[in-house]
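Protein chains in written order, with the working numbering: chain A, 1 to 642; chain B, 1 to 642; chain C, 1 to 318; chain D, 1 to 318.
Everything hinted at is true.
Here are the in silico distance ranges between beta carbons for each label pair:
1) B:H455 x A:K202: 53 to 61 Å
2) A:D287 x D:D223: 21 to 29 Å
3) A:H245 x B:R584: 47 to 55 Å
In case anyone wonders, no lab produced these hints; they're calculated from the structure.
These numbers were taken from a predicted model, which means no experiment stands behind them.
All C-beta atoms in this analysis are idealised placements derived from N, C-alpha and C, irrespective of residue type, glycine included.
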Amino acid sequence: MTSSAPALAKGEAKSELNDSLDTGAKKVFCVPEHTVEIIANSGEGAQKCGQIFGSVSAKMGNGVWTVEIIPAEIEPPPRHVTSTSGNLIRFGTEQITNWGDRTKLAVAFNEQVLLSRHRLDSLDDECIILVEDMWENHDDENIRKEWATAMEEMSSANYRIVKVPIEEESLKIVDNPHHGKNMFALGMLAEVYQRDLDLIKKQIANIFRRKPAKVTELNIALVELGIQWARENLDFQFDVPAKVHEEARVVMNGNQATALGAIAAGMEFCAMYPITPATSVSHELCDIIESYGGMVHQAEDEIAAAGVAIGASYAGKVALTVTSGPGMALKTEFMALAVMTEMPLVLVDVQRGGPSTGLPTKVEQSDLLAALYGQHGDAPRVVMAPATIEDCFQSMITARRIAETFRTLVIVLTDANLATGVQQFPRPQLDERWQEAPLDLSAVPEGTLPYDWDHSTGLSRRIIPGQANGQYTVTGLAHDEFSKVSYEPESNELGCNMRSRKLAVFQSTLKPPTVVGDEEGDLLIVGWGSTRGAIEEAVGRARADKLKVSSCHLTFMSPLEPGLKEIFSRFKRVMTVEINYSDRLGDPYITAENRRLGQMCWLLRAHTLVDIDCWTRVPGQPLRPGDIHNAIVSHLENGAAS
Amino acid sequence: MTSSAPALAKGEAKSELNDSLDTGAKKVFCVPEHTVEIIANSGEGAQKCGQIFGSVSAKMGNGVWTVEIIPAEIEPPPRHVTSTSGNLIRFGTEQITNWGDRTKLAVAFNEQVLLSRHRLDSLDDECIILVEDMWENHDDENIRKEWATAMEEMSSANYRIVKVPIEEESLKIVDNPHHGKNMFALGMLAEVYQRDLDLIKKQIANIFRRKPAKVTELNIALVELGIQWARENLDFQFDVPAKVHEEARVVMNGNQATALGAIAAGMEFCAMYPITPATSVSHELCDIIESYGGMVHQAEDEIAAAGVAIGASYAGKVALTVTSGPGMALKTEFMALAVMTEMPLVLVDVQRGGPSTGLPTKVEQSDLLAALYGQHGDAPRVVMAPATIEDCFQSMITARRIAETFRTLVIVLTDANLATGVQQFPRPQLDERWQEAPLDLSAVPEGTLPYDWDHSTGLSRRIIPGQANGQYTVTGLAHDEFSKVSYEPESNELGCNMRSRKLAVFQSTLKPPTVVGDEEGDLLIVGWGSTRGAIEEAVGRARADKLKVSSCHLTFMSPLEPGLKEIFSRFKRVMTVEINYSDRLGDPYITAENRRLGQMCWLLRAHTLVDIDCWTRVPGQPLRPGDIHNAIVSHLENGAAS
Amino acid sequence: MSVSMPSFLNCISDDDFAHYEVDDYQKCVAKWCSGCGDFGALNATKRLLAKEQLQPENTVFVSGIGCSSRFPHYVNSYGFHGIHGRALPIATGVKLTRPELDVFVVMGDGDCCSIGTAHWIHAIRYNMDMTVLLLDNNIYGLTKKQTSPTTPIGFSTNTMPRGSYLPPLNPLTATLGVSNASFVAQTADWIPAHMYATLQAAYEHKGFSFVRILQRCPKFTPDVFTDAVKNPDNNELLVHENGIDAPGLEKLFKNRIIHDPKDLDGGRHYAEVENRVRLGLFYRNGELPCYEDTREVVSVTAAEKIQKINTEFDRYAV
Amino acid sequence: MSVSMPSFLNCISDDDFAHYEVDDYQKCVAKWCSGCGDFGALNATKRLLAKEQLQPENTVFVSGIGCSSRFPHYVNSYGFHGIHGRALPIATGVKLTRPELDVFVVMGDGDCCSIGTAHWIHAIRYNMDMTVLLLDNNIYGLTKKQTSPTTPIGFSTNTMPRGSYLPPLNPLTATLGVSNASFVAQTADWIPAHMYATLQAAYEHKGFSFVRILQRCPKFTPDVFTDAVKNPDNNELLVHENGIDAPGLEKLFKNRIIHDPKDLDGGRHYAEVENRVRLGLFYRNGELPCYEDTREVVSVTAAEKIQKINTEFDRYAV
Ligand SMILES: Cc1ncc(C[n+]2csc(CCOP(=O)(O)OP(=O)(O)O)c2C)c(N)n1
Ligand SMILES: Cc1ncc(C[n+]2csc(CCOP(=O)(O)OP(=O)(O)O)c2C)c(N)n1
Ligand code: SF4
Ligand code: SF4
Ligand SMILES: [Mg+2]
Ligand SMILES: [Mg+2]
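Construct the entire structure; sequences and hints are all you get.
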């Protein structure tokens, strides 16, 4: 188990903490950040508790990153290692960009959900655990045994386990033992971390605003009970200083940001078919888009969703389709049609674990090559990946602009980590021009060609039904400037040429990515998408150890940003860090020649001919900065050795 | 227009020919090979004429390559440049591996179909043209005008145009002017090339064996009339010497070879949905497979076809699905399921022009990246490409073996060039063991795991329904050795690992590809698939010019054959030649950095980090050796310049 | 499909509008085989367009892939020649976002009833106001004679050379089985007057007007409709005062069934195949809401949108 | 689905076969929400398996993706938990090549009637001998409450928060509209005896036995069936001497319609939704050929095959 514990001052702070717990002296530890999680059976409200805690912390001015802990089943059996539901909140004085390493303090409603986190290696070796105590001496012998076995298994770690009569206390206020425990827990956390009680009360009042006032009161009473219990029984507190932020800020998850981004970008039409973890983008949109004069159409399947979106785009709307891996697979044929007919279309793929149905609720970055190359024939398109929650919002604005300017398909690759991760960012400035319709219905000059390609740029004017003199017939067959089916060699070469040229033109407008850290050194870590925060944190730690490491994060995968080869040449080694599969050297049969590499790694090798290595994992979880840090260190050590 | 004319001895032979035509002296030209085409409105039987000519030539011992000339519509308007239907036959003394350069002798039933070939640049500048003369002075003024305009347009070339009263002559024997002309034309060709009349008669008798004997007689009479006419009116003949072949040989097109290969490989089940140019594989199979105890199921769509094939494989059959680009797009999701569940499956993709509906009847090699990377998540599979008609047959045997040994998806990439190209090859030796069922239904030991992965090789035992003690549930979700759904990080890593490892193991059994030509030099041309013949012919010509060029043809694209980097390192430059799209340096906005490359080129760059160039075209036609030859020369010249 | 111009506008002089002759709706020469039934459908459609004086720029023809799906290339209007089986999703996208456009959909029997099945069934449910032509030649034409869902059992094709295995799918009963079906008719290319009248009725119906046109393919299924083509007595017309009115057919077509198109049970019953080819209107219900109406959007200015998004942000404000 | 053992074998002593209790068909603990109707369907199915003494190794359960599609993981037999909407193609591949296996297919309403529509409609046509369970909870369960084709109009979901827009698709009439439909029944998880009897009849039928099971989802559609669950009078049983025989229900369920399952018109009529939930057998036709029988293959030895291929080569010989 890792020993890196940046949240606590090294050495003495920890033993101090241990001392204070052992001796009973109340002590406040001032730390730059902390990671807390609250876990329970699903249905016990742990998620709500975590959300309020996270959002109150954000409002107080802390940097916050929240991760959902979701069980595989809708209603899994209680007290089971597969049932864990809850929230992990990492918060600190500065901006928090990722879920960090391991949890420092956990509240668990039973020992089984705790055990599941232990097995997943989610808890810091010195984690403080506030665990419900009713199971230890439960009437049911089986439960007692389960408790004992679990505690035995967890004794391998140095956890500080504090037993709390959560249910017993809560029952002082509520009748139903399944309700209210989460608010009691919230109270304990509020006391431990000195959260602003007024903010908590407001948040609770807001959540239950449609319920009788009594409900809010009860919940607040429970919180206060938790505070009181913690005050009387816990001998430690943490102080995570907050900052005053001048600019207005918002806090949301990536799917919410994507949905709001779509609306802000003037997207009026979304066709979709439900699929985890993309569906909640549509849920957000469904909730509000109609009041913007827009619409979400739930189609009979993903194929239809793509087709309806293309029809809407043809009709002159700004069209969007949102899906995840298996859904994108079904859209493959229609995506090629969008490319061939130069129909502007934005497709958001919220990546999950694959292949096939894979890991529906878990993060992976393995749809990159499918997004780039999934279509038969030559089908150039733009592929981009937001790296933060804020990016999710902004990328929708960019994607629309590219799609329309270049009459092209734009694929936006987010992932399950961004989808459900919650973070705050400066409230976006909106622009009315984003809301403009792509085209009006005025007549076009007689003889206007549907593909009046500028032979140098491949760009052409878009015409939509309703425009007099513009009548033409779109086709997915090879066609000429008139959109007439044509099998002539020249016309096929020209069409391929024009569709591809647009990417080169777009590429010429891009700037080289920035290097974080020194402009040259021993190792450059290249990443893309949601791993940015974790990578930069890891690189920061390595640099603090005086390692000559920098990082560089790519936004566009097709076309690639300029200058990569030049940037890479300034580093002795280049390595991508990705959440996708690669073979490991040293494994049986794996050679440098047959080794299958990370997807971005592969792409960049072809693009730059630089001997790029990769460090990739597919744990169905976001990467941890600590693990990336270790990878950096060992990569440099190997480098030194070779 | 190119001046390379290997079929005729250079210089004097040509002028001799011209002389003989001009002076009226009958002359026999001995040539190592010739390319002849017969073209007409569709429905006039030009295809049949060409097929008989090709097959008789093959039987006589000539090397033969036949290409279909197909119009875009089912029944296009007569006398129109879009209507051309017919056959091109390249035949020679040695083995013929591709369609060659341009046609040396053409028989045309009207000037419009001729014009279409002229415009396509299909005719050698000195082509001899036997064209129906009735249109020149036709009653219909429009037709006379069309004739005149067409002749005017074609006068830019040095064609030797011989006007033939084809219809007038044929009407001496048949009543319907639309029938019989093809047999008259066959007669002319038989005389010009001294084809064996007995073989022709046998072939005709075989074709019309289900019709009244009278039909055969009439057709033979027409052939004889054609012979007589040519004898009396043409003052030239060509002699293309044939060889006696010891070994038995067969002649067929690639789709027929694929179908027979599937049967020979013991494939018992094919699920498909019609799509050009793949459908005729199924037509062949449908015709005969039932008498082998097998079955073709035409599904409601390509998705279902893939699913039914997977179901059949799960049930223990050797299953096949055959399609083309748009169909493969639809199978994307099921292909991932096959990979995830390790279900043996062979998928043949007969590539056509893309993207989208593209060029349905035309050749392209642009499905490579989609075949390699089309699936979301990490979905390792085997991808291979036959290069000849014979390969189409053999690759099915190989594909089955790989699919079953490695419990994997095998994609076989053929294309429209192989599909309809006709060539002879040694009659394959069959092996009874190929017919063995994958498994019997005997019970498995209790506790046998559905994925009892050998952790070193990733291989595992396949179990099928009916085997007692084997009951398990296949799933496309991440799963463990028991095939139980599992979201644990370790089990996902293990599954990914095992599925990928198999490719490394398979790769370790492969040999490096052979280099044709010297083992080192200035330029190595790398190809894959149906371009082999044209590439090797072009390289042969370049080598005859003393250029230091070799070629190397790849069969496996995933995993790639070993030793490529080493082979490439022995050449100053490496260039792929492919029928797919790449940007051209020198075009507006295209830079070395943003240039999009040929698909194999891209793959090999990532794999070898060698700065490989590419020469690619998407004319909807096979590549011509002459054009490749030019590309080689100019690539070397540029090389010298830089 | 509803008439796009409200009737009170009839009094406005025609001079205010460009006038279109039938031939004005022809874009380029249609390239089907001679004798192909698609020509008849194209002609009847152009007549309808002229009769209704539809503006080419406000009319959209959407199709999939197949011989019949070439249709949009031949009509002077906007067109979308899509991908195989997917005409209806594309048409849905058009109609849903631009309900003022007149949308026609043309599909083949393979296109609609095989690969396009899911979209077909669901489009019936959506009941969008569009006119849908199923050109049913009982075969895959473009790909050269493979069995389609409507191919007669026993009929030999390139994929089923020893005869097709299954009884044909009946597109009429299938459509009538779907909740929300609102207009289901059958006509035949060999009775142009009936075809025209049927298309006219389909166009006038507000909702998803599904018209199966029995279409001759002399190339690959030359004989499947011969009995009905050769002998009027092998046809049977569904007639009713609320049905399709094709005057002048009484004399030739003696076999008539009186069927009220309101009667769904009866429509389903008559849609079952019997020994004659049945043509006419099986069911019509003009009362069912159209999805594009249900989903009608409000119009919001850019400024209002910005304001709303800002309110939204307030919900997420830190 | 037909009984796999011919009846004359009934006289053979049971000792010759391993005997399976209901619980022997349980593989692992089912993980649905408490109160989920899928449990009932699983129980009824296991009872049927035990009653018919199906050999686990010769029985295959195929499903798509959804809560209901977890079914095969819980049955001790071979299973194929496929991809969303595609259970039927997989099942077709199994049955077509291994007709001796007993095949069951389990789908959800989204799985079957939305993304799986094309396969559903065509599987009806193929009429393969399999037992097909549509677990219809009127909602997308696994993905957490989105509208499915059978969701009641107006019902609020995450994708249609202001109420679902369309009247629900009726899987019964849709199935009955497809040519070759051979067995169409509806039952409900709240009447276990009826559900068991229906599955029994479905299994006994030789052909594609389509059973829609109205399935409670306490999580997301807790109230959609409440009326029928709470008050037997809101249920209506189709009964007939040739129908489904679930003895003991007479007392509780007073509303009964006598309907001969041979009567297709009647079946279609009764399948239309009215104010009560109608349960029973709408249509059965045991005379329709099964596709796997039509496509039955001959057995050919390897040597014969080699010889045949050689004859084939002769056709292509140079
Ligand atoms: C995805 C895909 N699958 C298959 C095809 C090949 N294909 C083109 S048209 C067609 C069927 C044509 O039959 P039908 O729809 O009845 O139209 P028809 O030509 O008879 O008018 C097929 C299978 C295709 N273009 N795309
Ligand atoms: C191709 C694809 N699209 C979407 C999904 C997401 N998905 C899984 S189950 C499901 C629907 C579940 O509803 P239903 O079929 O009614 O089954 P239930 O869960 O209600 O039993 C969806 C949309 C998926 N797994 N694959
Ligand atoms: S093949 Fe048949 S459907 Fe196609 S154009 Fe020819 S006649 Fe018409
Ligand atoms: S969500 Fe509904 S259908 Fe799914 S397991 Fe729970 S109760 Fe059953
Ligand atoms: Mg057709
Ligand atoms: Mg459901």
